[in-house]
Amino acid sequence: MNTQWLKISGSVLSALLITAGLLATGTGVAAEADSKKGDFTRGVQAWADNCTRCHDVRDPKELRDDQWITTVYHMRIRAGLTGQQTRDIITFMQGSN
Amino acid sequence: MKFKLTAIATAVGILTMGSALAAEVDLEKLQADVDKLNAKAVEWEEWKAPKTLVHLAGYADVGYTDKQGEPGSFKVGTFSPIFHYQFSDIVMMEAELEFTIDETGKSEAGIDYFTVDYFISDYVALIGGKFLSPIGQFRQNLHPSWINRMASAPVGFGHDQAAPNAEIGLMFRGGFPVGGRNTMSYAAYIGNGPTFEADGGEIEGIETPGLNRDGDGGKVGGGRLGFYIPGIKLDLGASYATGKASVRTIDNTGAISYDKGRDYTVYGADLTWRISTFRLLGEYVSQEYGAQASSAAPDSGKWTAWYAQASYQFAPSKWEAVLRYGEYDTPHDGQDRNQSAVGVNYLFASNVVAKLDYEFNENPNPGFDAENRVLVQFAYGF
Numbered sequence: 000m001n002t003q004w005l006k007i008s009g010s011v012l013s014a015l016l017i018t019a020g021l022l023a024t025g026t027g028v029a030a031e032a033d034s035k036k037g038d039f040t041r042g043v044q045a046w047a048d049n050c051t052r053c054h055d056v057r058d059p060k061e062l063r064d065d066q067w068i069t070t071v072y073h074m075r076i077r078a079g080l081t082g083q084q085t086r087d088i089i090t091f092m093q094g095s096n
Numbered sequence: 000m001k002f003k004l005t006a007i008a009t010a011v012g013i014l015t016m017g018s019a020l021a022a023e024v025d026l027e028k029l030q031a032d033v034d035k036l037n038a039k040a041v042e043w044e045e046w047k048a049p050k051t052l053v054h055l056a057g058y059a060d061v062g063y064t065d066k067q068g069e070p071g072s073f074k075v076g077t078f079s080p081i082f083h084y085q086f087s088d089i090v091m092m093e094a095e096l097e098f099t100i101d102e103t104g105k106s107e108a109g110i111d112y113f114t115v116d117y118f119i120s121d122y123v124a125l126i127g128g129k130f131l132s133p134i135g136q137f138r139q140n141l142h143p144s145w146i147n148r149m150a151s152a153p154v155g156f157g158h159d160q161a162a163p164n165a166e167i168g169l170m171f172r173g174g175f176p177v178g179g180r181n182t183m184s185y186a187a188y189i190g191n192g193p194t195f196e197a198d199g200g201e202i203e204g205i206e207t208p209g210l211n212r213d214g215d216g217g218k219v220g221g222g223r224l225g226f227y228i229p230g231i232k233l234d235l236g237a238s239y240a241t242g243k244a245s246v247r248t249i250d251n252t253g254a255i256s257y258d259k260g261r262d263y264t265v266y267g268a269d270l271t272w273r274i275s276t277f278r279l280l281g282e283y284v285s286q287e288y289g290a291q292a293s294s295a296a297p298d299s300g301k302w303t304a305w306y307a308q309a310s311y312q313f314a315p316s317k318w319e320a321v322l323r324y325g326e327y328d329t330p331h332d333g334q335d336r337n338q339s340a341v342g343v344n345y346l347f348a349s350n351v352v353a354k355l356d357y358e359f360n361e362n363p364n365p366g367f368d369a370e371n372r373v374l375v376q377f378a379y380g381f
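Listed in order, the protein sequences are those of chains B and P. Numbering that gives the first Met the number 0 puts the first residue of the first sequence at 0, with every later residue one more than the last. Numbering that gives the first Met the number 0 puts the first residue of the second sequence at 0, with every later residue one more than the last.
Next up, chain B with everything else stripped away, as it sits in the complex (with noise of 0.2 Å):
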């Protein structure tokens, strides 16, 4: 084993974790049931602003309620949206298709 990249590597991961962490409380303290919701209105204005930076839009008519689940979860990771976004876009997919 190599201690310098352990060193480095070593280092960078506990910053991220420690940085994970952070947010993952920070969203438990801030994060009530009911607002982290989806929310349809909210969902119109995340798609409009987030679904054309890569591709061109798809229309919420191409899939299901269920696919749009998995889709959406899938460009999250992709485009770095948050939990939120997330759950707002696909709230207005379902309601749109």
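It is possible that some hints are incorrect.
To be verified - Just the calculated beta-carbon pair ranges, DEER-fashion:
id, chain 1, residue 1, chain 2, residue 2, range
1, B, S95, P, F359, 35 to 45 Å
2, B, K35, P, A290, 45 to 55 Å
3, P, G109, B, D64, 25 to 35 Å
4, P, E44, B, R41, 17 to 27 Å
5, B, K35, P, F98, 39 to 49 Å
6, P, L355, B, R41, 35 to 45 Å
7, P, V343, B, Q44, 31 to 41 Å
8, P, D332, B, R63, 51 to 61 Å
For the record, the hints were derived by calculation from the structure and aren't laboratory data. Source: prediction; values computed, not measured. The beta carbon of each residue, even a glycine, is placed where N, CA and C say it ideally should be.
Fit chain P to the given chain B structure using the hints.
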């Protein structure tokens, strides 16, 4: 008269009795029908929201390529099915396979990416497995053929060129608001890193297919930070990763060995901008490695590439025009390329596109040539 009245009364009596009976029968039937429908509706809802969701997506393309000095050929590009399995809002498995056919007709299957994503909070997901390199924008977000506005990748952004393709490791990914609707997205990873392909004492190329073994033991870590302004649809990104990687040698018995790890660094910057149907893309990437005296290929080297692309759809028509310019610079004069390309696309839908491109390819070094190409492609994202 009396008889007549009685007869009428009886007739009315019978009729009302009959209809009351009929109504009763109808109501019962109706109730049974409603119960049946209710049961069906419950069943119907069941499959719509189970805890585990399964979804098949993907893309495919076919085409025709005519390269100067070679016979024109029909082509099957790639058939790339994507599998999504999702358990509640906790975990998702994403996998993209890649099926291709080589010149001799042999089919090959590969795993483009395969990850298990754990959604830790609204702002962080932890991703483990083989993922597309988060360095830059083209390789991870713009290469699928229904997204890419041209039939080919920009020079230097293909397989094992200047832009890293994939990585096996761990990655944190997410985004958060930074004032108004603006967002910051991040990807931070640690992985096995690339390997170098050596030939005749020189490093021929940097291989980044996502290695399932870390030959030199030195990990590579880094990531990308992106800043997105939705008001003007502008995304700016900066990427950086560093660590150790080494030369891989395969001897004539097929045994694989790696020499001592050497410094490896990749960095880049990217931009995507969109105004209505006008889209501007640009990216720069550089991969370099240090010298290693004891190595089979001891010299240091640097591989860089950049491109800029503008496309415009003449809406409401479905026609789109594309222009792209790119440069690719490597330690080997023969591999260097400058490329200008023009294209027209017909957009059947946002996920179905037909493309016709002409590439002007040149090698900027004296004594080397590069061939121009015509490419036709039909791409479908599903």
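Point to revise | Broken hints, by number | key: Hint check: nothing fails, all pass.
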